[in-house]
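K.L.:
One-letter residues, chain by chain:
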Amino acid sequence: MKVLVTVKEVAEVDDDFELDGLGVAEEYLEYDLNEWDEYAVEEAARLAEAGDDVETVSVTVGPQRSEETIRMALAKGVDRAVRVWDDALAEGPLLDVAAKVRLLSAVVAAEEPDLVLTGVQASDDGFGATGVALAEALGYEWAAVVNDLELDREAGVATVHRELEGGVEEVTEVDLPAVLTIQTGINEPRYASLRGIRSAQSKELAVSDLADLGLTPSDVDPSVVLTDVAEPESESDATLFEGDADEVAGELAAVLREKGVGAE
Amino acid sequence: MSDDVLVVAEHRRGSLRDVSFELVTVGRELADETGGDLHVAVVSGDVDAHAESLNVEGVDVVHTVAVGEEFNHDVYLQAAVALDEALAPRYLLAPNSVNGLDYAPAVAGALDRPLVPDAVALSHDDGLTATRELYGSKVESTVRVEAERAVATVRGGEWPAAEGPGEAAVEAFELEVDESLVRSRVTGFVETATGDVDIADADVLVSVGRGIGEEENLELVERLADAMGATLSASRPIVDSGWLPKNRQVGQSGKVVTPDVYLAVGISGAVQHVAGMKGADTIVAINTDPNAPIFDIADYGVVADLFDVVPALIDALEAE
Chain A
1 MKVLVTVKEV AEVDDDFELD GLGVAEEYLE YDLNEWDEYA VEEAARLAEA GDDVETVSVT
61 VGPQRSEETI RMALAKGVDR AVRVWDDALA EGPLLDVAAK VRLLSAVVAA EEPDLVLTGV
121 QASDDGFGAT GVALAEALGY EWAAVVNDLE LDREAGVATV HRELEGGVEE VTEVDLPAVL
181 TIQTGINEPR YASLRGIRSA QSKELAVSDL ADLGLTPSDV DPSVVLTDVA EPESESDATL
241 FEGDADEVAG ELAAVLREKG VGAE
Chain B
1 MSDDVLVVAE HRRGSLRDVS FELVTVGREL ADETGGDLHV AVVSGDVDAH AESLNVEGVD
61 VVHTVAVGEE FNHDVYLQAA VALDEALAPR YLLAPNSVNG LDYAPAVAGA LDRPLVPDAV
121 ALSHDDGLTA TRELYGSKVE STVRVEAERA VATVRGGEWP AAEGPGEAAV EAFELEVDES
181 LVRSRVTGFV ETATGDVDIA DADVLVSVGR GIGEEENLEL VERLADAMGA TLSASRPIVD
241 SGWLPKNRQV GQSGKVVTPD VYLAVGISGA VQHVAGMKGA DTIVAINTDP NAPIFDIADY
301 GVVADLFDVV PALIDALEAE
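Sequences listed follow chains A and B, in order. Here my numbering is used: the first sequence runs in plain steps of one and ends on residue 264. Here my numbering is used: the second sequence runs in plain steps of one and ends on residue 320.
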């Protein structure tokens, strides 16, 4: 059985930042593995540990720098990785969903995994759509926002819980092959061990460009384009307390008492 | 192609969800801009009862698709594609809910149309323009669809719910479901936020978020809750980490709470969290980041390290 897990390097923005052109100025960005993907990687690693014939492959779309994050997946137990990149992708990080899916589906179609795990969404662009759109493109079944997964390999069925709103989970059986988008909290992601980090250095990390995937630059032309970015106006009309901790605490305590807090 | 707008309503276990009526509002606004009609589709469940509820001001036609009981994405995909073929709408809108995420991207893919996910504003002049948030909600972006037609999902709570009596035509839409393409089966539901404490009943909540850092620091906010006579609740990361049980989680996937006083400690105020507590009478926030969205809805705020302020606040309350 083969499990493919997609990962994405995301940018996190400092508390104070400035915009530059159609993005955040580079000096205010820090790059990390997308939080949701950490849970997807962990789920893949657990599936690999549960069977001795499970191969795990990680795929990312990103520049050279993103090898740091995909190595994290390798360090946590993923067997090998594919990084997709091309100069034609360098113009902006915000591809539209369809363009992302064309890139990923080319890789997945070649790998033919039984199960694809993605994060529910990426913390930077927040699409929440790529996994399900990927399934549709591949002709795979899918389930979005999965926070519990049980696999019956013999029957070719995954029984999942989908985390709905309001403290309710939907129990669904999904025929394989399938794409599952993984929600945070499904497991407790491990820290990479030193041994894992060392062994990740020698694992295969293949790089594919558009031509390798049988695509041309026009295949990744976005049909949804970014035209403006802005810092949202603060809508805050909060009364702010400032000063040293005791002073602030005294004022806050007075407000709380006035609101009836602590009254027997 | 017509200039019409089609929105797909959402219901669960017998009830229409609020976002369905918000979709009518945004759908009507768009249809006024395109000069077309607003169609509302309701798929599965008691479609006739739902159609009656959805017949509110602004809706031109409600299409009822009587197949199955609960949401199933394979069925919704087929229904949306068939309705799209019959009505040829310029824009198709779905909620950016957990179920919306489970079919709208597939609909856009099947129709080969651009997808705008999680829009917080939408407008049409010669094409579709949307506002989307990036990096949580730190940056607001404007995107433009470079195609005549599009699929969009809209964030809940961003538009008012449509209301008032409508004059819509209600039409039954016949859908022959291709069962060979239904490869998922919903077998039940589980309530997860159960337990001895119901945070929705509390008058005063002290809610703790990622800013607390480590599990052993929880004791500090527990002491604060004691000093306030409050119930302890949390934002998602605390529950994901297993530090507090699911029944303590405030937000979209947890509980919606409306206490008299809500004190947010180390919570930045992601949209999913705010959806669960914005109805509190008085909101107080302690956070180190002055730009944290929690301050947008707070009545009182302290921009400071919670590890300085919370011990001092406990002292001040206990000095009483």
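Be aware that a few hints might be false.
[Stated by the list, open to error] Under 8 Å between C-beta atoms, here's a sample of chain A residues computed to sit facing chain B:
#, residue
1, Glu49
2, Val97
3, Ser218
4, Asp219
5, Ala249
6, Val255
[To be verified] Computed footprint of chain B on chain A; a stretch qualifies when at least three of its residues, placed anywhere within it, have a C-beta under 8 Å from a C-beta of chain B:
#, region
7, 51 to 58
8, 61 to 69
9, 85 to 91
10, 115 to 127
11, 143 to 157
12, 184 to 196
13, 233 to 240
Don't read these hints as lab results, they were simulated from the structure. Built from N, CA and C at the ideal position, the CB exists for glycine as well.
K.L.:
Quick check: the region 115 to 127 of chain A, covered by chain B? Criterion 3+ residues, Cβ under 8 Å.
P.N.:
holds (count 6)
K.L.:
Interface hint check: Glu49/A, Cβ to nearest Cβ on chain B, cutoff 8 Å. Holds or violated?
P.N.:
Given a least distance of 20 Å, the restraint on Glu49/A is violated.
K.L.:
With a cut-off of 8 Å between beta carbons, are at least three residues of the region 143 to 157 of chain A near chain B?
P.N.:
holds (count 3)
K.L.:
Verify the interface restraint on Asp219/A: the C-beta must sit less than 8 Å from at least one C-beta of chain B.
P.N.:
13 Å, violated
K.L.:
Check, residue by residue, whether the region 61 to 69 of chain A contains three or more positions whose beta-carbon lies closer than 8 Å to a beta-carbon of chain B, and give the verdict.
P.N.:
violated (count 0)
K.L.:
Please check whether the region 233 to 240 of chain A has three or more residues whose CB lies within less than 8 Å of a CB on chain B.
P.N.:
n = 6 at 8 Å, threshold three: holds.
K.L.:
Three residues or more, CB to CB closer than 8 Å: is that satisfied between the region 51 to 58 of chain A and chain B?
P.N.:
Since 0 is below three, the answer is violated.
K.L.:
When the nearest CB of chain B is found for Val97/A, is that gap smaller than 8 Å?
P.N.:
This hint holds: Val97/A lies near chain B, its Cβ roughly 5 Å from the closest one there, short of 8 Å.
K.L.:
Using 8 Å as the Cβ threshold, decide whether Ala249/A counts as touching chain B.
P.N.:
4 Å, holds
K.L.:
Under a C-beta cut-off of less than 8 Å, do 3 or more residues of the region 184 to 196 of chain A approach chain B closely enough to confirm the stated coverage?
P.N.:
Since 3 is at least three, the answer is holds.
K.L.:
Count the residues of the region 85 to 91 of chain A whose CB lies closer than 8 Å to any CB of chain B, then report whether that count reaches three.
P.N.:
violated (count 0)
K.L.:
Let me know if the C-beta of Ser218/A comes in closer than 8 Å to any C-beta of chain B, holds or violated.
P.N.:
13 Å, violated
The structure is inconsistent with the numbered hints 1, 3, 4, 7, 8 and 9, although it conforms to all the rest.
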